[in-house]
Structures are given as structure tokens and as C-alpha cells.
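Chains G and S are the protein sequences, given in the same order. Our numbering puts the first residue of the first sequence at 13, with every later residue one more than the last. Our numbering puts the first residue of the second sequence at 2, with every later residue one more than the last.
Bear in mind the hints are in silico, worked out from the structure with no lab data behind them. Accuracy of the hints is not assured; some may be wrong.
Calculated pairs, DSBU-like style, for lysine-lysine (alpha carbon to alpha carbon, straight line, at most 35 Å) [said to hold, decoys possible]:
1. G:56 x G:90
2. S:71 x G:56
3. G:56 x G:27
4. G:83 x S:98
5. G:23 x G:90
6. S:74 x G:74
7. G:74 x G:56
8. G:83 x G:23
9. S:98 x S:56
10. S:56 x G:56
11. S:98 x S:71
12. G:23 x G:95
13. S:56 x S:71
14. S:98 x S:74
15. G:74 x S:98
16. S:56 x S:79
17. S:74 x G:83
18. S:79 x G:56
19. G:95 x G:27
20. G:23 x G:74
21. S:98 x G:90
22. S:98 x G:56
23. G:27 x G:90
24. G:56 x G:83
25. G:56 x G:23
26. G:74 x G:95
27. G:27 x G:83
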Amino acid sequence: EAGVAQSPRYKIIEKRQSVAFWCNPISGHATLYWYQQILGQGPKLLIQFQNNGVVDDSQLPKDRFSAERLKGVDSTLKIQPAKLEDSAVYLCASSFGLVEYEQYFGPGTRLTVT
Amino acid sequence: AQTVTQSQPEMSVQEAETVTLSCTYDTSESDYYLFWYKQPPSRQMILVIRQEAYKQQNATENRFSVNFQKAAKSFSLKISDSQLGDAAMYFCAYRSKGGTSYGKLTFGQGTILTVHP
Chain G
13 EAGVAQSPRY KIIEKRQSVA FWCNPISGHA TLYWYQQILG QGPKLLIQFQ NNGVVDDSQL
73 PKDRFSAERL KGVDSTLKIQ PAKLEDSAVY LCASSFGLVE YEQYFGPGTR LTVT
Chain S
2 AQTVTQSQPE MSVQEAETVT LSCTYDTSES DYYLFWYKQP PSRQMILVIR QEAYKQQNAT
62 ENRFSVNFQK AAKSFSLKIS DSQLGDAAMY FCAYRSKGGT SYGKLTFGQG TILTVHP
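Generate coordinates for the entire structure from the input sequences, incorporating the hints supplied.
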């Protein structure tokens, strides 16, 4: 079974530029999560989708971050414009359903904003 | 809101010996899940072990076991017969079973485990 795929693995941009990350969850997984992991900290949930609907985006900085999950499969997370404090690893995870099911994580995208 | 605290930023152990990583959490809920995840330098987060709060028996997975003290809100991970491949960042995480959390994980700050040959 293929795991959660993410691209790119690394991205370096200057502040005020835009960037997008892509995630392809495990086939059949209805729930998709985006986490932000700042160096030296644990991951923090940014947004959670159930199929193509948003379940929780309470910690997403909506003035600069946006995410979509068209057709309930792949997802894209965008930052526009980026700030220095956005430097982090962005992890995508998926699960078959909500609470009862294990979350499987992708390898993450390391973003550096200079 | 739930919080998870890992008070040991770094731990080290000799190969083949035993090490215990600590975790405390705060919640007003009575039923929930607790997890330990391993994150090696490759950044892939891997589930090590899972505990359901209503189960009094401590979870065990091969060399990994937990000491779950619900009243004390403590959830420690014991790694027996440590191997070089166990070296990684370990995260303790909490997940609600209900309410508006919808299954999101709340992570601690992590503990870096070094294994010496």
C-alpha cells in the first residue's frame, strides 16, 4: 500500500513570496490533515478535511494560508505572502475516518523563508 | 483545551539498555486516546504505541510499553533492549474521542533520544 505522498520535499523562498505544497493521501482515506511543525516543537494542526469539506481550520492563519481538497482526494496548502515565522516542516496526514482510525503521515515539506 | 507536556528535551541510553520517556497531559475528558510517535531524521512520523483511556491495562508493542496513570495524567514510554535504530525524536500525543476535536492530535514538544553503541 502506497503511503502519503508530499511534494516538494524542500522549498526555499524569500519573504512575501508565495508557495504551495501538495499532498496525496492513502487511497480510500476520507480524512486529511495538514500540520505545521516548527523546529524543536511538536506538530500543530492547521486544517482538517473530511472528504472535500473542512472540519477544523481554527488554527489556520487565514489571512495568508489557504487550503483546498478538490474532489476529496489530493490537497494543496498555500501560503501567500510568506513570513519568516512560516519556516517549518509542513506535514500531511490521512486516515480512513475521524477519531477511531490511525493517522498516517507523509514525509513532510521543509520550508525555509529568508 | 488539552495540553501535552514532555519535560525531557533530550535523553540518552546505551544500546541494549532500557530508557523511559515521560509525558504528562491535561484534560477534563474521561475517554480519549494517547499515543507515542517516533520521528527519525527522515521526518516520517511513525506510530509506536497507542493507549485507550478506558483500558486499564498498559499497552505493549514488542520492546515498547507504556505506564499509563490516568489519575495522575501521566503516560510514559519504556523502551527495552534499546537499539541504534530507536534513535529519533519521540512525541507524546493526545486525541479526544468526541466533542469538536474531530480526531485531531495534540502533540507534546518532543524528546530527542540518542542511543550509544
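Hint-by-hint comparison with the structure:
1. G:56 x G:90: 16 Å, holds
2. S:71 x G:56: Holds, because 24 Å separates the two Cα atoms, which is no more than 35 Å.
3. G:56 x G:27: Roughly 22 Å between the alpha carbons, so the hint for residue 56 of chain G and residue 27 of chain G holds.
4. G:83 x S:98: Since the Cα atoms of residue 83 of chain G and residue 98 of chain S sit roughly 27 Å apart, the hinted pair holds (cutoff 35 Å).
5. G:23 x G:90: 13 Å, holds
6. S:74 x G:74: 34 Å, holds
7. G:74 x G:56: Holds: residue 74 of chain G and residue 56 of chain G sit about 15 Å apart, inside 35 Å.
8. G:83 x G:23: Since the Cα atoms of residue 83 of chain G and residue 23 of chain G sit roughly 26 Å apart, the hinted pair holds (cutoff 35 Å).
9. S:98 x S:56: The given pair, whose Cα atoms are some 14 Å apart, holds under the 35 Å limit.
10. S:56 x G:56: 27 Å, holds
11. S:98 x S:71: 16 Å, holds
12. G:23 x G:95: Measuring from Cα to Cα gives roughly 14 Å; hence the hint holds.
13. S:56 x S:71: 10 Å, holds
14. S:98 x S:74: Holds. Residue 98 of chain S to residue 74 of chain S sits at ~16 Å (cutoff 35 Å).
15. G:74 x S:98: 27 Å, holds
16. S:56 x S:79: Roughly 18 Å separates the two Cα atoms, so the pair holds.
17. S:74 x G:83: 41 Å, violated
18. S:79 x G:56: Holds: residue 79 of chain S and residue 56 of chain G sit about 25 Å apart, inside 35 Å.
19. G:95 x G:27: 5 Å, holds
20. G:23 x G:74: 21 Å, holds
21. S:98 x G:90: 30 Å, holds
22. S:98 x G:56: 18 Å, holds
23. G:27 x G:90: 14 Å, holds
24. G:56 x G:83: Measuring from Cα to Cα gives roughly 25 Å; hence the hint holds.
25. G:56 x G:23: 20 Å, holds
26. G:74 x G:95: 13 Å, holds
27. G:27 x G:83: Roughly 31 Å separates the two Cα atoms, so the pair holds.
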